[in-house]
Every structure is written in structure tokens, then in C-alpha cells.
Amino acid sequence: MSSRPALPAGLRLDARKARSLQQPLRPAPAPEVAVLSLDQGSGEAAEPTVAVGTRVGIGTRVARAVGTAASDLHSSVAGVVVAIATRLTATGLGRCISIENDATDARDPALAPLAWRALDGITLLDRLRGAGIAGLGGAAFPTAGKLALARANAAGHLILNGAECEPWICCDDALMRERAADVVLGGQVMLAACGATRCTIALEDDKPEAAAAIAAAIAAAQDGRVELVELPAIYPLGAERQLIEAVTGREVPHDALPPAIGVVCQNVGTAAAVARFVSTGEPAVTRIVTVTGSGVARPGNLEIHIGTPIAAVVAACGGYQDDPARLIVGGAMTGRSVSSDLVPTTKGINCIVAATLADVAIRGPEMPCIRCGDCATACPARLLPQQLHRAAQADDRDALTRLGLADCIECGCCDYVCPSQIPLTARFHAARLGMQLHDAERRRAIEARERFERHERRLAEQAEAERLAFEAARRRARGADPK
Amino acid sequence: MQFQTAAPPHVIAGFTVPRVMWQVLLALVPFAIVHAWLFGAAPLLQLGVAAVTALGCEALALRLRGRPVPQFLRDGSVLVTAALLALSVPPLLPWWLTAFGTAVAVLLGKHAYGGLGQNPFNPAMVGYAVLLVSFPVEMTRWPVPGPPWDAVTGATALDALRTGLGQSYTMQEIAAGPAFGRVGARGGEWLNLAALLGGVYLLLRRVIRWQIPLAMLAGLAVPAVVMHVIDPGAYAGALFHLASGATMLGAFFIATDPVSAATSDRARLYFGAGIGVLTWIIRSWGGYPDGVAFAVLLMNLSVPLLDRYTVPRIHGHRGR
Numbered sequence: 001m002s003s004r005p006a007l008p009a010g011l012r013l014d015a016r017k018a019r020s021l022q023q024p025l026r027p028a029p030a031p032e033v034a035v036l037s038l039d040q041g042s043g044e045a046a047e048p049t050v051a052v053g054t055r056v057g058i059g060t061r062v063a064r065a066v067g068t069a070a071s072d073l074h075s076s077v078a079g080v081v082v083a084i085a086t087r088l089t090a091t092g093l094g095r096c097i098s099i100e101n102d103a104t105d106a107r108d109p110a111l112a113p114l115a116w117r118a119l120d121g122i123t124l125l126d127r128l129r130g131a132g133i134a135g136l137g138g139a140a141f142p143t144a145g146k147l148a149l150a151r152a153n154a155a156g157h158l159i160l161n162g163a164e165c166e167p168w169i170c171c172d173d174a175l176m177r178e179r180a181a182d183v184v185l186g187g188q189v190m191l192a193a194c195g196a197t198r199c200t201i202a203l204e205d206d207k208p209e210a211a212a213a214i215a216a217a218i219a220a221a222q223d224g225r226v227e228l229v230e231l232p233a234i235y236p237l238g239a240e241r242q243l244i245e246a247v248t249g250r251e252v253p254h255d256a257l258p259p260a261i262g263v264v265c266q267n268v269g270t271a272a273a274v275a276r277f278v279s280t281g282e283p284a285v286t287r288i289v290t291v292t293g294s295g296v297a298r299p300g301n302l303e304i305h306i307g308t309p310i311a312a313v314v315a316a317c318g319g320y321q322d323d324p325a326r327l328i329v330g331g332a333m334t335g336r337s338v339s340s341d342l343v344p345t346t347k348g349i350n351c352i353v354a355a356t357l358a359d360v361a362i363r364g365p366e367m368p369c370i371r372c373g374d375c376a377t378a379c380p381a382r383l384l385p386q387q388l389h390r391a392a393q394a395d396d397r398d399a400l401t402r403l404g405l406a407d408c409i410e411c412g413c414c415d416y417v418c419p420s421q422i423p424l425t426a427r428f429h430a431a432r433l434g435m436q437l438h439d440a441e442r443r444r445a446i447e448a449r450e451r452f453e454r455h456e457r458r459l460a461e462q463a464e465a466e467r468l469a470f471e472a473a474r475r476r477a478r479g480a481d482p483k
Numbered sequence: 001m002q003f004q005t006a007a008p009p010h011v012i013a014g015f016t017v018p019r020v021m022w023q024v025l026l027a028l029v030p031f032a033i034v035h036a037w038l039f040g041a042a043p044l045l046q047l048g049v050a051a052v053t054a055l056g057c058e059a060l061a062l063r064l065r066g067r068p069v070p071q072f073l074r075d076g077s078v079l080v081t082a083a084l085l086a087l088s089v090p091p092l093l094p095w096w097l098t099a100f101g102t103a104v105a106v107l108l109g110k111h112a113y114g115g116l117g118q119n120p121f122n123p124a125m126v127g128y129a130v131l132l133v134s135f136p137v138e139m140t141r142w143p144v145p146g147p148p149w150d151a152v153t154g155a156t157a158l159d160a161l162r163t164g165l166g167q168s169y170t171m172q173e174i175a176a177g178p179a180f181g182r183v184g185a186r187g188g189e190w191l192n193l194a195a196l197l198g199g200v201y202l203l204l205r206r207v208i209r210w211q212i213p214l215a216m217l218a219g220l221a222v223p224a225v226v227m228h229v230i231d232p233g234a235y236a237g238a239l240f241h242l243a244s245g246a247t248m249l250g251a252f253f254i255a256t257d258p259v260s261a262a263t264s265d266r267a268r269l270y271f272g273a274g275i276g277v278l279t280w281i282i283r284s285w286g287g288y289p290d291g292v293a294f295a296v297l298l299m300n301l302s303v304p305l306l307d308r309y310t311v312p313r314i315h316g317h318r319g320r
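Chains as they are written, first to last, in our numbering: chain U, 1 to 483; chain B, 1 to 320.
The hints are simulated quantities; they were obtained by calculation from the structure and are not laboratory data.
Glycine included, C-beta positions come from ideal geometry on N, C-alpha and C.
Just so you know, nobody snuck in bad clues.
Cβ pair distances, simulated, as ranges: (1) B:Arg313 with U:Arg225: 26 to 36 Å; (2) B:Leu64 with U:His429: 30 to 40 Å; (3) U:Asp396 with B:Leu26: 34 to 44 Å; (4) B:Leu60 with U:Ala430: 34 to 44 Å; (5) U:Arg198 with B:Leu298: 48 to 58 Å; (6) B:Leu26 with U:Asp322: 28 to 38 Å; (7) U:Ala430 with B:Gly114: 22 to 32 Å; (8) U:Arg457 with B:Arg266: 49 to 59 Å; (9) B:Arg266 with U:Phe452: 47 to 57 Å.
Work the whole structure out from these sequences, hints included.
Have a look at this one:
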């Protein structure tokens with residue numbers, strides 16, 4: 001066990017985790033209808049491989065990844081596909097596969113444990129891809145894709161992210177306390193898959209129970225490649241680039257991914273999902289979710305079937321109490337506020353908060369920036385939020401680029417400390433969308449111009465060809481005419 | 001069930017601009033009390049005149065600019081300006097001069113530039129500087145501190161030092177004069193102690209950060225020590241400088257005004273050090289007895305430059 005230097009910036013926040021950590025991890029009942037969003041949180045949808053009426057078991061594949069950001073999707077219940085339609089999800093409107101649970105809990109007969117030690121890395125990556133394992137830390141990016149990139153870059157260091165730095169979220173803490181062996185096993189499988197030689201399980205020093213459990217599991221595994229590192233509990237330590245800096249002392253270049261410096265980062269929950277897959281054959285159909293907030297009666301960490309509507313998860317926690325005002329998916333700093341509890345859970349949802357007015361900050365009227373610089377002190381990316389804000393208000397795209405808008409990780413630290421209560425993160429998010437829109441528009445304009453020029457050129461060439469043909473015909477006609 | 005939505009983050013620290021300003025006012029209380037102890041009711045009357053003028057000017061300016069008057073009046077920033085000015089001027093300054101200085105501070109120093117957050121200069125120091133250059137006699141006539149308050153005015157310690165050195169007295173002879181106390185100016189040393197106390201409170205409450213005050217005190221003390229060692233007969237020591245004039249008020253309350261100060265930590269070190277050195281230069285070689293106000297204004301001028309050259313390296317980028 002070693003300790004490392006703290007992050008240069010960041011915040012110490014009220015963790016708000018104690019209430020949901022009082023009870024041990026408990027399973028949530030399977031939903032009557034599982035709603036599987038084709039986009040599980042990564043921003044890219046998978047392609048359905050079933051149709052309405054198809055009968056599926058637990059673990060049957062229902063959608064296949066087509067791009068690089070989507071992952072294969074499997075049914076979390078046994079039953080019949082009843083709809084494939086566009087619905088409201090936590091990330092907006094998206095296509096979902098609804099499967100009516102027939103309560104038989106029949107597993108797909110093809111599922112079987114994996115003798116992973118006998119497999120080579122490439123095959124193992126293929127199997128992980130087929131199991132739909134995706135980043136359970138929130139990004140839901142396909143694990144196999146990340147590991148494959150690490151393999152291609154010969155990244156030697158796997159970091160398992162147990163730094164759950166955001167207030168309210170504690171599903172990884174609960175997981176590490178109770179299933180530390182799975183985390184270590186998952187780390188070993190990932191090492192085999194990506195070819196790394198060292199696995200660091202990183203968590204913060206405010207999780208002594210989890211640290212003890214992980215340390216015991218490492219000792220039991222007798223694997224010298226796996227180590228535990230405890231870091232100071234400073235938000236946003238769990239952000240990938242920040243964690244990598246805290247563990248290795250090196251920064252990931254802004255225009256590259258972690259394998260560029262020989263590192264690959266995975267969530268501890270993902271590692272546990274990998275362990276479950278190799279030991280039972282079950283693909284990614286469940287995950288652990290923290291359900292908390294003053295607006296929920298019995299908070300806790302629940303193992304849910306992916307696709308269970310949030311309302312059903314909350315019902316499994318005794319339902320609502322004290323008139324919750326805001327339903328948040330994710331943590332206090334970056335969580336998305338959703339308008340309806342009918343949205344389904346996905347691989348990317350790690351926390352559900354039914355927040356009362358007392359839980360959330362109601363902002364006062366926005367005041368002008370007083371240049372106090374607290375935002376710059378708090379910013380883990382070392383940006384100057386006050387100057388970014390000025391540039392965003394002036395819509396000065398050059399300044400936004402120069403000041404590093406693209407490097408903003410939208411962690412909310414600047415927002416949190418701002419005495420003028422300026423919604424900086426939301427402004428930066430909007431500015432970023434504006435820039436993307438602007439870039440897309442410019443690209444479209446350039447493409448349109450090129451298309452037009454090509455068209456003109458083609459017309460000109462055609463006219464020229466016709467003219468030549470006509471003249472040639474005329475010459476031929478003249479020559480043929482014996483006048 | 002339906003819910004309202006809001007953008008993250010869902011929690012904030014809630015340390016708002018009004019709270020910052022009221023904390024500063026609270027930290028000024030010991031200073032005001034020592035002021036009253038040294039000079040009687042006069043400083044309190046100055047505070048009253050300045051506060052009323054400042055609120056009136058602020059309300060007027062906000063109305064003219066079409067801004068929500070109650071929201072901005074409540075932020076307390078104009079009261080900080082008023083208090084700093086009122087506690088910097090001589091207690092027996094005619095009230096209309098205090099009112100004039102305050103009006104200049106609020107209307108020209110602050111609102112002419114766009115109000116809260118926009119002023120490049122510290123408004124209180126703008127008001128002070130205008131008063132000092134326009135009414136030098138009234139602005140340098142300080143009563144002898146301590147009861148009985150019999151309205152006898154004499155030179156301040158910094159003044160006596162300047163005149164004394166000009167008339168070829170030695171430091172030792174000057175320091176034996178009536179304007180001097182144990183380590184600094186008579187009375188002034190208590191004022192500086194009170195300002196230091198308030199400043200430490202602000203540091204502990206994290207209303208201000210250490211960079212500017214510490215750099216300013218160091219910027220003042222280092223040249224003072226060096227020159228005092230080289231020529232003790234012609235230069236006062238560091239302790240005298242630290243305990244006289246507006247040193248502590250300047251370091252903790254005036255130079256730390258976030259709006260007109262540099263923003264990054266590194267730039268703040270330069271900013272504070274610049275104020276300290278300039279203060280020492282003006283005190284030692286300049287035409288005015290105290291230099292804090294001019295030093296602050298001069299460094300305010302250099303803030304854009306400091307900010308430009310201290311942009312931190314963004315995470316994941318190479319040095320620029």
C-alpha cells in the first residue's frame with residue numbers, strides 16, 4: 001500500500017454516502033417489463049437482432065454493436081419482446097427494446113463459464129465484446145474496445161478505478177466491500193485480455209472498509225501484479241485523466257487517450273462484471289445502483305436488472321417520501337436531472353437520487369463575476385473559468401479554443417465555488433455544443449461548396465465533350481458530303 | 001412521477017458575493033473600534049457619511065444603468081468601498097470632502113466602468129487618490145491619537161519621518177518624536193494590529209487568500225530591511241513600515257479586492273509584491289508620506305499584463 005501526492009486542485013465535498021451504505025447490498029426484483037435502451041449511455045445505439053414476438057432468456061443477445069461506442073445488449077429477463085420503439089430515456093429520446101418478463105427466469109442455454117486462462121488475449125477481448133461488458137462507471141464505453149486499444153499500444157498498466165468521488169454515489173464502495181474477490185479476478189482477466197503487466201486498484205482514503213476488503217482479496221489471490229493504492233478523497237479524483245495523474249504522476253496528453261502513456265483505466269464495477277461473466281457465463285445484464293436522497297424511504301445499494309424503470313427501482317427502496325423535487329441520475333456534481341421516473345436504467349446509470357429541495361442547491365440570482373479566481377483554483381484541468389465565461393458570453397470562439405474549452409471535463413468544481421452563482425458548467429456545455437454546431441455547419445458549407453464546384457466542373461466538362469462531339473460529327477458530315 | 005429538471009452541479013458551496021462582502025465588513029470592526037478609541041467619534045461619523053453617500057450613489061447609478069437596485073444594493077460591495085475610504089481619510093476631514101471622495105469612488109471608480117466586477121481600479125483608492133491630490137492639506141492633517149481628543153493636529157509618523165530626514169535629522173532623533181509609538185506610528189501601530197487581526201480572520205474564513213497580503217508585506221519589508229542595514233540613519237526598519245500608515249489595511253483589505261487584483265495565484269504574488277515595493281519606494285523617495293493608495297492603483301494598471309503572462313498550463317498540454 002502506498003500513498004501518492006494529492007491532486008493539485010479539486011474540492012473536498014460532503015460525501016452524503018453514509019445513509020445508503022447502512023444496509024448491505026441487496027437485489028432488486030426483476031421488472032415486469034425490462035426496457036433496454038439501445039444506447040446504454042455511451043451516446044451510440046446498438047442494432048436490434050430481435051423482433052417483436054421473439055422469445056428470449058436471461059442473457060440472450062437482443063442487439064449488436066455496430067459502431068465503436070455501442071456495446072452488445074442482452075436481455076436481463078426471460079420473456080417475449082413486446083415492443084421496439086422510441087421512448088424517453090435518461091439521455092433523451094432513444095429507441096428501446098421492451099421485453100415482458102414471463103417470470104420463469106430461464107437463462108439462455110448457451111451461457112457457460114469461460115476457461116479464460118486458456119484463451120489468448122485477442123479471443124478473450126472478443127468474448128468480452130460479445131458479453132456486452134461496458135464501462136459501469138458511467139460512460140458505458142465498451143470495455144473490449146478500450147482494452148483492445150491498450151493492447152495495440154502495448155500499455156502495461158491497468159488502473160481499476162474505485163475512486164468514487166462524487167457525493168451520493170457509493171455503488172462501487174458497496175461492491176468493493178462485499179465482492180472484492182470479483183474485482184481482483186476481473187482485474188486479472190483484463191490483464192490477460194489487454195496484455196498489461198500491472199494492475200493498480202485505486203480508491204480514496206475515505207473508504208477504509210472497501211480498502212481492507214480489496215487488500216484481503218489481493219492477498220488471497222496471491223498475484224504480485226495487483227496492488228492497492230489509497231488516494232486522498234478529493235473531487236474529481238475519479239475522473240479518468242485526474243486519476244491517472246494521481247496514480248502515475250503523469251498527465252495524459254490532451255489530444256491522446258490513456259494508452260498513449262501506457263495506461264488503461266477501467267471501473268471496479270466493470271471488473272466485477274467481467275469476473276461474473278467468466279465465472280458464470282452471464283453477460284452484462286445486471287449492475288449495482290445507489291438509490292439515495294432524502295426523497296427515498298429506504299436508501300441503499302441495489303443490484304438491478306438493466307432495463308428496470310427507475311420508478312420500479314425506487315419502489316424497491318420503499319418508494320418516495322418527503323415530496324422529492326428533483327430526480328437525478330448520477331451524482332451531485334455531474335448527474336443528469338430527468339423529468340420522469342419511467343426512464344429505464346442502463347449500464348451507465350450508477351446512482352439514482354430522489355432529491356428534496358433541502359438536498360439540492362437553489363441558486364440565488366446570478367451576480368457579475370468578481371474575478372475572485374476561486375474557479376481557477378478549483379479547476380482540476382487548470383483552466384481559467386472566469387475568462388472562459390467572458391469568452392462564452394462574447395461568443396468569442398478563438399478565445400474559447402485558446403482558453404481550452406475542449407479540455408473542460410464539466411466536473412462542476414468552478415460552479416460549486418463561484419460566489420456569484422454563475423452556472424459556469426452549463427454555460428461551458430452550451431458553448432461546446434455551439435462550437436460543435438458551428439464546426440458542423442462550416443463543414444457542411446465547405447462540403448456544399450465543393451459539391452457545387454464539382455457539379456459545375458462536371459457540367460463544364462460535359463458541355464465541352466458535347467461541343468467536341470458535335471464538331472467531330474460536323475467534320476465527319478462535311479467530309480462525308482461529296483460537295 | 002414527473003420532476004423539474006436542472007443543470008448540474010446540483011450542490012454548490014453557497015458562499016455568495018454578499019456573504020463575502022459582509023465578512024469583509026465584519027473583519028473591519030476591530031479596525032473601526034481602534035479608530036474610535038484613538039480618535040473619538042469622528043471616524044464613526046466619517047463612516048456614516050461615507051455609507052450614506054455610497055448607498056445613495058450606488059442606487060442612483062444602478063437606476064441610471066437600468067439594473068435591479070435592491071439585488072445589487074444588498075450585495076454590500078458599496079459599503080466595503082465606503083468603509084475602506086472612511087477609515088483611510090483623516091478623522092477630522094470635513095464631511096463634504098468624505099462625501100465627495102465617496103461619490104467619486106462609487107460613480108467614477110466603479111459604475112463608470114460597468115459596476116460590480118468591472119472596475120479596473122480599486123474604487124476606494126480612486127476616491128482616496130482624488131481627495132489626496134485635490135486636497136493635500138486637509139488629507140494629511142491627522143489629529144494626535146489618543147484621548148483627550150482635543151483636536152490638536154500634528155504630523156503622522158510617516159510625515160515626521162519624511163520631513164525629519166529632509167531636515168537632516170537622524171532616524172534616532174526622529175523616532176524619539178511625539179508621532180512615534182513603540183515600533184511604528186503612535187496609534188498607527190494599534191490600527192495596523194487591528195487590521196492584521198481582521199485580515200487573519202478573513203484568511204481563516206477563506207474570504208481572501210494568502211498570496212496578496214503576504215507578498216505585499218514581503219515586498220515592503222525586504223527593501224526596508226536591506227536599506228536599513230545599508231544605511232540605518234536614513235531608512236526606517238521593516239517593523240516601522242509594517243506597523244505604520246495603511247500597511248495592514250492595504251495588505252489585507254485593499255490590495256485583496258478581487259475585482260481589481262490579478263486572478264491567478266502566481267500573478268497575485270507578483271501583484272502583492274509590486275504593491276509592497278511601490279509602497280516602500282513612495283514612502284522612502286516619493287512626494288507623499290504614504291504610498292499604499294498609489295501603489296495599489298499602479299499595480300491595478302498592471303493586472304492585465306500579469307494575468308496575461310501567468311496563464312497556467314492546461315492539464316495534458318505541453319508548456320507554452
